[in-house]
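Peer 1: Chains A, B and C, in that order, give the protein sequences. Under my numbering, the first residue of the first sequence carries the number 1, and numbering increases by one thereafter. Under my numbering, the first residue of the second sequence carries the number 307, and numbering increases by one thereafter. Under my numbering, the first residue of the third sequence carries the number 626, and numbering increases by one thereafter.
Note that these hints are calculated values from the structure, not bench results. Just to be clear, a hint being listed does not mean it is correct.
[To be verified] Covered stretches of chain C, as calculated for chain B (at least 3 residues, CB under 8 Å):
| id | stretch |
| --- | --- |
| 1 | 709-717 |
| 2 | 727-734 |
| 3 | 739-750 |
Values in this document were obtained by computation on a predicted structure and should not be read as measured data. Beta carbons: idealized from backbone N, C-alpha and C, even for Gly.
Here are the chains, one letter per residue:
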Amino acid sequence: MDLTLFTIQLLNGLQLGLLLFLVASGLTLVFGILDFVNLAHASLYMLGAFICASFTLWLGNFVWGVLLALPVTALVGLVVERVVARPLYARDHLDQVLATFGLILVIDTAAQLIWGPAGIAVPLPDWLEGQVQIGAVTLPSFRLLIIGAGLMAAAGLFWLVNYTRLGMLIRAGASNRTMVSALGIDIQSLFALVFALGATLAGLAGMLIAPITEASIGMGNSVIITAFVVIIVGGIGSMKGAFIAALMIGLIDTLGRSFLDDIFKLVMSTEAAETSAPAISAMLIYIIMAAVLAFKPSGLFPPKVR
Amino acid sequence: MARKILTVAVLAALAVLPPVFYLTGNAFYLDLATRLVILGIAAVSLNLILGFGGMISFGHAAFVGLGAYAVGIPAYHWLYYTAGDWAVSGLAQIPIAVAVTALFALLTGLICLRTRGVYFIMITMAFAQMVYYLIVSIEEYGGDDGLVIDTRSQLPFLDLDDPLQLYGLAYVSLLVAMGLVAMIVKSRFGMVIQGAKGNDERMRTLGFNTYAYRLTAYVISGAMCGYAGALLGNFTTFISPEMMDWTRSGELMFMVILGGAGTVLGPVLGATVFIVLEEVLSSITIHWHLPFGLMLIAVVLFVRGGLMGLFAVLFGGRK
Amino acid sequence: MTVLEVTGLNKSFGGIKATDDLTLTLEPGELHAVIGPNGAGKTTLISQLCGLQFPDTGAIRFLGRDITRMTPHRRARMGMARSFQITSLIMDMSVEDNVALAVQARAGTSFRFIRPARRIASLREPARAMLDRVGLLDKADHPTVALSHGEHRRMEIAIALATQARLMLLDEPMAGLGGEDAAEMVALLRSIKGDRTILLIEHDMDAVFALADRISVLVYGHIIATGAPDEIRANAAVQQAYLGED
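Using the sequences and the hints, build the whole thing.
Peer 2: Listed below in structure tokens is the structure:
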């Protein structure tokens, strides 16, 4: 096995894992605290990408594009919370799933009307287009930026949840909703804030991926399922679980797609390996999910019982 | 009583109108009705576990897709089965479709049903997506591009190349599916799954192994959906992974909820309204998903109990 | 034979002992009450007895068989019935359906798909008999959700009776009942007493002292005294536990 290729794929896996974490953390936060299943979470990922693309093209600078797109995405999150999510908090999960499914159709079509059916490429500034030489490995600098930004966002989130007053409220809300209300804290504002935070994180993931894949309609539709796999494996409502599972899934998926055929060739014929490896690697993360659930039906880090 | 009249009226309309349209030169409406009836079967079988059993499966499109591929893959390999002078590939393909989907339901159900609530929703969704990616990754069967079925299932006494006969088979299958579900939910087995929906802990402390009952219901539902998939493959003669995209599962769920979960007729009504709306809206604008999505949200927010619930409010009769 | 034999039961939640070296026996036909202040671990005890939770250590024997790690449905099939503290009926089914399901649980496998359950007399008649016994026959066809709290409590008893259980675990059957409803419930329990072995977990002291053959007092997960009602009334430790709370 080629060490350079392996290192590159390892970093790609890490990058995928961190992006997944940004999407999954919002999902798990919103579910853990608001008890709300939001299928349309990935639409915010897509909107983040499109909004950032528009700003970047307008201002000619990706960094400014991201900085402006973040508050706008948060604002979109607030609107979605107020209009669609809030009336659904008291409903069962089935209603939430269906209504947010409808919301996906609405947002996807609206995005198509605004930005057109084709994707929008997001240009990077020169200093991010280059390569960085680390030892024998040459890496695109933008991918390193994604990893850096992902790690920073993760660290910020942990700090927020574990060491701030807002975080304390969030954790209290997750474990005891009536207590938070009893403390006289406006639970509606707290919920709106949490929802907007989740939206922003998903949007950030979309912004970071957009220069690589371009912003496109329906780009969130496959991400949302993978994010579900992440939070199921991690334990729904657990931030730590989401982080570990996201990295795990990101690495397994990336490395599986690159190296599974090589591994298979060790135990079977080349031909058999080349036919079966793509099929198995496509299913790999689901197999992992099934295996985890067979032993721990509530995921690796089940949150404490409410 | 009012409900019985409605059921008879809907089923009579489905029996008479599409063939009449076809014979008067409007083949298009028969096509529409065939799709409607086949998706109706899928919705009826989803409703067995969703409406009566409280198991919110977001992965039923996978069963439909697997059923369709169970017809498409043997046809692709030119596997034809004969019995005497009859070509009877359908007598192999349809049981294969049912068996494969039942097995898939059993294997995934063993894991899915260990979980509850939102976990169940997401896991069924994830397993369906697994099948989707599996089919995409197999280039032999067209991968992303899908597969054309050159020859429809061959059955004794029936020629599925004749649209009218295909519709006849689908319609009778729908009646059988509705009859089966009605029978099951009234039976002792049905009482147990409905009890477990209402209060699982209570049922377990009464001595019911609710896991086993749920799993059985899940397998029955999956197999019925697989059968619907086999019909769908025969109808469209083109199958692709897109058939099992999770949005398809969402549409099936919407049919059930729109029509009225936990009623025998509801899913058929839901499928009817869904297909008609889809047709009407998409003929008006290519952006029909926008009004459609808004309607979906409105139905969830404001129409409790679906169309059957609405009907009960208007014409009385027990929900 | 001893119906229920609990020895050295322990259960902790994150360092807090909910059940602490608990030992308890139930003789056939006895009505044994477990009382104790709030938070004494009564609900945790009943959950372990019916198998919804497993103890950390200790053993539970039922009809001579070790059932410590047995699933709830298997215990139920051995003849253990439980009523719930918080009314736990199947609200969207009719009253009779609820009780008939309990009969059905005893009537062999329910993997029966063809005959309509509501037309099977061997399920419906015993169910109606039990409803008659608790005075709810006239409401048999009502949706469960439409009944009053007192009626729900009586349904719980009808269901426990319908399972033909050897042992009935009654978790606060008097909870939330006032005046007439409470008196009716005491009369109902008295009419069952002797027929079945009953473990009664109850807050209502009047009811407990009126009904119980023996009483065990649970404090912080540990049984501090067991005896006839008079002995318990005179027990100094018990008085202190209760006076300490009030």
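Peer 1: If you count the residues of the stretch 709-717 of chain C with a beta-carbon closer than 8 Å to a beta-carbon of chain B, do you get 3 or more?
Peer 2: Holds: 6 residues of the stretch 709-717 of chain C have a Cβ under 8 Å from chain B.
Peer 1: Would you check chain B against the stretch 739-750 of chain C, counting CB to CB pairs closer than 8 Å, and say if three or more residues qualify?
Peer 2: holds (count 7)
Peer 1: At a Cβ distance under 8 Å, does chain B reach at least three residues of the stretch 727-734 of chain C?
Peer 2: holds (count 4)
Of the numbered hints given earlier, the model fails none.
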